[in-house]
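Kindly generate the complete structure, drawing on both the sequences and the hints.
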Amino acid sequence: MAALDSLALFTGLGLSEHKARETLKNAALSTQLRDAATQAQQTLGSTIDKATGTLLYGLASRLRDTRRLSFLVSYIASKKIHTEPQLSVGDMVTPEQIEEAVEATINKHRAQILVERYRFNMGLLMGEARAALKWADGKMIKHEVDMQVLHLLGPKMEADLEKKPKVAKARVEETDQRTAKDVVENVEAAGQTLSLMEQLRGEALKFHKPGENYKTPGYVITPHTMDLLRQHLEITGGQVRTRFPPEPNGILHIGHAKAINFNFGYAKANNGICFLRFDDTNPEKEEEKFFTAICDMVAWLGYTPYKVTYASDYFDQLYAWAVELIHRGQAYVCHQRGEELKGHNPLPSPWRDRPLEESLLLFEAMRKGKFSEGEATLRMKLVMEDGKMDPVAYRVKYTPHHRTGDKWCIYPTYDYTHCLCDSIEHITHSLCTKEFQARRSSYFWLCNALDVYCPVQWEYGRLNLHYAVVSKRKILQLVAAGAVRDWDDPRLFTLTALQRRGFPPEAINNFCARVGVTVAQTTMEPHLLEACVRDVLNDTAPRAMAVLESLRVVITNFPAAKPLDIQVPNFPADETKGFHQVPFAPIVFIERTDFKEEPEPGYKRLAWGQPVGLRHTGYVIELQNVIKDPSGCVESLEVTCRRADAGEKPKAFIHWVSQPLICEIRLYDRLFQHKNPEDPAEVPGGFLSDLNPASLQVVEAALVDCSVALAKPFDKFQFERLGYFSVDPDSRQGQLVFNRTVTLKEDPGKV
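The sequence shown maps to residues 24 to 774 in the numbering used here.
In short, the hints are calculated from the structure, not lab data.
Treat each hint with caution, since some may be false.
With a cut-off of at most 30 Å between alpha-carbon atoms, the simulated DSS-like pairs for lysine-lysine come out as follows [what the hints assert, rightly or not]: (1) 600 - 585; (2) 330 - 238; (3) 238 - 131; (4) 308 - 497; (5) 238 - 291; (6) 627 - 674; (7) 330 - 495; (8) 162 - 404; (9) 768 - 627.
Pair by pair, the computed Cβ-Cβ distance ranges are [to be verified]: (10) 120 - 715: 49 to 55 Å; (11) 458 - 325: 22 to 28 Å; (12) 632 - 505: 46 to 52 Å; (13) 85 - 496: 32 to 38 Å.
Backbone N, C-alpha and C fix where the C-beta goes; we use that ideal spot for every residue, glycine too.
If you want it as structure tokens, here you go:
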């Protein structure tokens, strides 16, 4: 019985039945694994996911010192160890050793830390502790540094921040803890929402004033800082400067819309300027169509850059600074391969301490093309906030650049380029999404290592949507699989796709404003964005009538010898916005669902003995005859009509068309069936297995009233009772194509 219990326990960890039985044959291993699983269940409950089970098995199978089983299992259960490499590290370096190494490092610099307090470069402590424990987990070291510094100095005080730190800190914590539910409530309270300009102009954002960078918590001050800030103010005149720095290797998506609104909006709200700077440092993936599309989308959202710049504008200066960095002993040429640098704890470079002259010669050789790709890199001597050591500054690539051609065969990385381009353009507020927080220390370090003006990096939370995939690589997979047509397929959440579907830019901007500027990442439901779309289109999309599945209706007593001209208000709630004219003839077409021979209780549309009104005509029709084809399918109806004011008011008024245009209408729905198609726990087969087979329905012969005959691509209409629609660029003369943008009302089944 005990063996059966153990077998069930081991298979519950993700082991195959065969492997579980083999494990039971090893008494020592099975005992250790049983103890590990039992302890983990005390924290995680009876169900343990496969990834955790794999780690527990790896621990039990190679741990030699059984006395350390308990604390290593506790680290796995609490997710402090969540990868195999970390497990190997954990087996070699104990928390006590990390504590001792950090304590020794802090004691070495204790006097300076007590003087400088939180202005002291904590990266130095990280670097020295890592040097002492080369195999230790970087995150564990950082956590221990933070804890011991806090114990030594206590909480940050007025003098550390030179402003009210507790208020600012409280606001950050409050923002960081906002849940998606809080944001949903904010979006739904549309009437109480501040505009983005009001948010960015107000006191909600405790940003520094231009030239007062040094007042920002964590900003590193050097003997040159104040002189550099004075020079910066002379150049900018105290003007706020931001930048939107996309990589031109894909199309912008809904998350970028928040970044565009934040960067351009903050500058505009504070009478500043915003650069559109292309981070074109990876020629392998950059295409001209992406540059054009990004410029178009920024303009579409209503923003005009102060200047369009490129990282490649500064390649000469960046190279000169890299040479200077080597001269200062802060960079070196390394020959570790890319695969050796992957992971959280790569081996330290054996070339870190090579002579300066040697690195200078090798870097020049890199520039002259004497190394193959991957054979040499230039690395900076620093420890980043996530514990990674010596990020790469330059690498060899023999791909011609779209602007510089074959002039360069070495290209700078993001970690090297970003802060220096910000410095060159005298950016005051470098606004980044929160995943770049781990690069803040390298941002400050590099500017200060070269003694150039150092901007301030501020992080905010990304904006994501459920039922969406925005990764460039995965969108390419969708295109290759034929699941979508291209980057602008209206089922995607790229900005070009939303534009093609008919989303107004004002609606996207309003959505970003309602979500607000948060520190925490927010993942929103698509229906909240769609609600913003309805708000805009309700006031801007003129009404028209269309029939998707038509049924021919003959009015046998039509009141005129020729068709009547009916005046239809463009906006029934505000007739001052004008009218359009549609013909009303003896033959009209209605939706097939607006007629039933045998209606269910509560059905209010056309049926035997139940007349209906035709919208805008002033007439009511009543069924007289049903004509069917040989198979029994209803082919057409014969009705009589009367004035609406000549009898009892009908229970319903239905839309109709007469002498219509034949158009193609594309009805879009969600592309994926699950909220998180990229989550293996939710979709084990991968996102391509989660495609919604009903995400696109094409009505090839829909009937639309002739008022839309002159419509152009991206013109928008409300088709009465059906939804909001936009003219697709596929339209050609005599054959309009419409995309359904959103339905008239939110589908309660999709909330």
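| request: Indicate whether the distance between the beta carbons of residue 632 and residue 505 respects the range 46 to 52 Å. | output: Because 50 Å falls inside the window, the suggested range holds.
| said: Verify the CB-CB distance for residue 458 and residue 325 against the hinted window 22 to 28 Å. | reply: Between residue 458 and residue 325, where Cβ atoms are some 27 Å apart, the hint holds.
| field | Pair hint outcome, residue 330 versus residue 495 [Cα-Cα no greater than 30 Å] | value | Given that 30 Å is the threshold and the Cα spacing comes to 26 Å, the pair holds.
| message | Given a hint of 32 to 38 Å, does the C-beta separation of residue 85 and residue 496 actually sit inside it? | response | For residue 85 and residue 496 the Cβ distance comes to about 34 Å; the hint holds.
| query | Does the Cβ pair residue 120, residue 715 satisfy 49 to 55 Å? | reply | holds, 52 Å
| Between residue 162 and residue 404, does the CA-CA distance stay at or below 30 Å? | holds, 18 Å
| field | Pair hint residue 238 and residue 131, alpha-carbon separation not exceeding 30 Å | value | Distance of about 27 Å is within 30 Å: holds.
| query | Is residue 627 close enough to residue 674, meaning Cα to Cα at most 30 Å? | reply | holds, 6 Å
| Restraint status (C-alpha distance of residue 600 to residue 585 at most 30 Å) | holds, 29 Å
| Would the pair residue 308 and residue 497 pass a check requiring their Cα atoms to be no farther apart than 30 Å? | Satisfied, since the Cα-Cα distance of roughly 15 Å is no more than 30 Å.
| Does the alpha-carbon distance linking residue 238 and residue 291 stay inside the 30 Å limit? | Answer holds: residue 238 to residue 291 is near 23 Å, not above 30 Å.
| Is residue 330 within 30 Å of residue 238, Cα to Cα? | With a Cα-Cα distance of about 29 Å, the restraint between residue 330 and residue 238 holds, given a limit of 30 Å.
In summary, the structure agrees with every hint in the numbered list given earlier.
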